[in-house]
Amino acid sequence: MSINLTLLIIMGVLYACGIYLILERSLTRVLLGLMLLANATNILILSTGGYAGLAPLYSKETNPEAYSDPLPQALILTSIVISFAVTAFMLGIIYRTWVLARQDEIQDDLEDVRVAKTPSFDAEDDAIVPLETSEFAVTPITTTDRSHPEATEKPHTSTTQEGGSA
Amino acid sequence: MNLASLSPLAVLLPILGAALAFLLIRHHSAQRAVSIGILSATLLLECLLLVSVWNGGTTSVTLGGWLPPWGVVLVVDQFSSLMLVVSTVVSLAVLIYATGQGMADGDQEAPVSIFHPTYLILVAGVSNAFLTGDLFNLYVGFEILLTASYVLMTLGGTGPRIRAGVTYVVVSVVSSVLFLVAIAMIYGATGTITMADLAIKLAELDQGTQNLLHVMLLVAFGIKAAVFPLSFWLPDSYPTAPAPVTAVFAGLLTKVGVYAMVRTETLLFPGDTLNVPLMVVALLTMVVGILGALAQSDIKRLLSFTLVSHIGYMVFGLAMSSVAGLGAAVFYVAHHITVQTSLFLVTGLIERRGGSSSIDRLGGLAKLSPLLALLFFVPAMNLAGIPPFSGFLGKLGLLQAGVELGTPLAITLVVGGVVTSLLTLLAIARVWNRAFWRKPEDAEYPDPVLLASGNVGVLPRTMVGSTAGLVVFGVALTVFAGPLFHLADGSAEIMLDRSAYIHSVLGDAVEVPALPQTGGPK
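Chains A and B supply the protein sequences, listed in that same order.
Here the first sequence is numbered in my numbering, starting from 13 and rising by one per residue.
Here the second sequence is numbered in my numbering, starting from 7 and rising by one per residue.
For the record, the hints were derived by calculation from the structure and aren't laboratory data.
Among the hints, a few may not be true.
Beyond 10 Å from chain A on every Cβ pair, some chain B residues (computed) [unchecked claim]:
#1 15
#2 18
#3 42
#4 47
#5 67
#6 304
#7 447
#8 466
#9 500
To be clear about the criterion: a stretch of chain B counts as covered by chain A if any three or more of its residues have a C-beta under 8 Å from a C-beta of chain A, and this derived list gives those stretches [stated by the list, open to error]:
#10 149–160
#11 174–180
#12 183–197
Just the calculated beta-carbon pair ranges, DEER-fashion [to be verified]:
#13 B/286 <-> A/74: 50 to 58 Å
#14 A/79 <-> B/515: 54 to 62 Å
#15 A/24 <-> B/515: 37 to 45 Å
#16 B/62 <-> A/18: 31 to 39 Å
Beta carbons are placed, not taken as given, at the ideal position from N, Cα and C, and that holds for glycine.
Put together the whole structure using the sequences plus the hints.
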């Protein structure tokens, strides 16, 4: 199978530019990147068909060896139609984004941001419940104090000093 | 004439129905009747296909007079016909639910006239992907269902849906380009794209080229199936769509990706070359997905994360490449399509009754609407894998297959699977405790709809009925788990053997290459 070097270089350049563009935040550039990627892939499919030959199945005299492979071209036609439809749809979405938000950038998911900002402290699970439910004054010296040091911070200042000196 | 030669109708009927529904765009009730009628006819046809394949074995249909390996073939085997039946049952339930919602909302919120044709096109694309025996036709099937899903995802064109739609479209297009590149390279290396022919010719390539093509296909399908780390797009994009659309996406679209992965692993690249990486990925998908679910307070987003997490179970079954593992994975796919879809449908009902899908704003639904609580409880326990539901049976099958394999990695996955199952229970119990069990007044930010007294937000009978139907179908999978497991194991055996598939496409004279034994059992 012979390979056309020009096509190969063009394909490489298209892929490189396409990948660079889809990494942008601007939607129009992302769309351009996707179009370049689709076209680069079409060239890749074309180059898998081997050398350019005569039209297949056109006349009976043609030597089958001289045909060009028709299958990749059929595949490319299908993929062009599909990428055409997707591009049109993307343009519609981008226009809608512009109408709604007056900007051309991919926006962050609000719920994602909210979850990321949520502290790991959960009021229901992590709050120290016994403190609230007790109707008597908290006595400083009990066994439960050790498990809740912050509950008895003031009466036990001496212990922290001991810890510091030791 | 063999009944299986009618299989192209499974794709054609929905497409013709879509055309008809489009013509009837101004007549809503006629449109509903057409789409429900067409989908019921498709379901009937697919049940007949399942019976015929079950009795007569794998069958292939050549289209357009081009013989394989040149033309496009449709292949019906046990796995694909089972997938067809389950997917169409789910689509039909969701369609009825959606019409109920449309009737209740007075068709004002979303352009329902566009919904019906697009939905039928989506079903046609899913059927095409399940049936096809040609790699490029699989790509076309994917594109049909994806393009329809772009439209459904952005239905109504509101701000959040457009934002989610952009992520979804860009990620899907990139995965499609990757798939197309893989097809081009496979054609360049072998000169064919018929899957049965590839099964023979790919084995003749050297191992390096094989691995490259194998990984490219798996990455492309992994994005569609939402396998970690390629799953980031799913929880971002699914929850914003309308409830019935999210339900059908969650049920079907990722499973089409899983289906394609199963075909890649069993038919095109059999053997165990990539089993170890697949297992690692399966473990990460399970654990990372469910940890994400625990952090969510919105039920739809929480369910999206459990969806990602449970894809890991299917990949685990697939990665074992044993009859027991693959059979359990097939069973799990059927179970998960049903359960995940019913949970999303119930969430739509919760949203309607309680005014919100955030568990901070809900409470007391068990008392306000006991039927809703029941409809949520059954599939939720099913998803978490509580005995005796089908989720438990599917996980049990997977764990047994993992223990049977006995390698350290497989045992780690077994442990990971159990932990994931427990964490799923935790996530689901959180939803249950907050949205259903506590008093409505205890909610942090109670929704006005929830607190309003009287008969506010009555649930339409069609929506409740279709949800209940799907929940009952999920329970039926439990009741008939014996025959279904038998069917799943049978289909796994046939898929791993490959000869039935290849012979039905290329004729009996073709010799099926032996399975490569690279590293022995790992």
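Consistency of the hints with the structure:
1. 15: holds (22 Å)
2. 18: holds (18 Å)
3. 42: holds (27 Å)
4. 47: holds (28 Å)
5. 67: holds (20 Å)
6. 304: violated (6 Å)
7. 447: Given a closest Cβ separation of 15 Å, the condition holds.
8. 466: Holds: least Cβ distance 28 Å, greater than 10 Å.
9. 500: The assertion about residue 500 of chain B holds, with a minimum of 29 Å to chain A.
10. 149–160: holds (count 5)
11. 174–180: Since three or more residues must qualify, the claim that chain A covers the segment 174–180 of chain B holds, with 4 doing so at under 8 Å.
12. 183–197: holds (count 8)
13. B/286 <-> A/74: 50 to 58 Å: holds (53 Å)
14. A/79 <-> B/515: 54 to 62 Å: This hint is violated: roughly 27 Å between Cβ atoms.
15. A/24 <-> B/515: 37 to 45 Å: holds (43 Å)
16. B/62 <-> A/18: 31 to 39 Å: At 53 Å between Cβs, range violated.
Hint check: violations occur at hints 6, 14 and 16; the rest are consistent with the structure.
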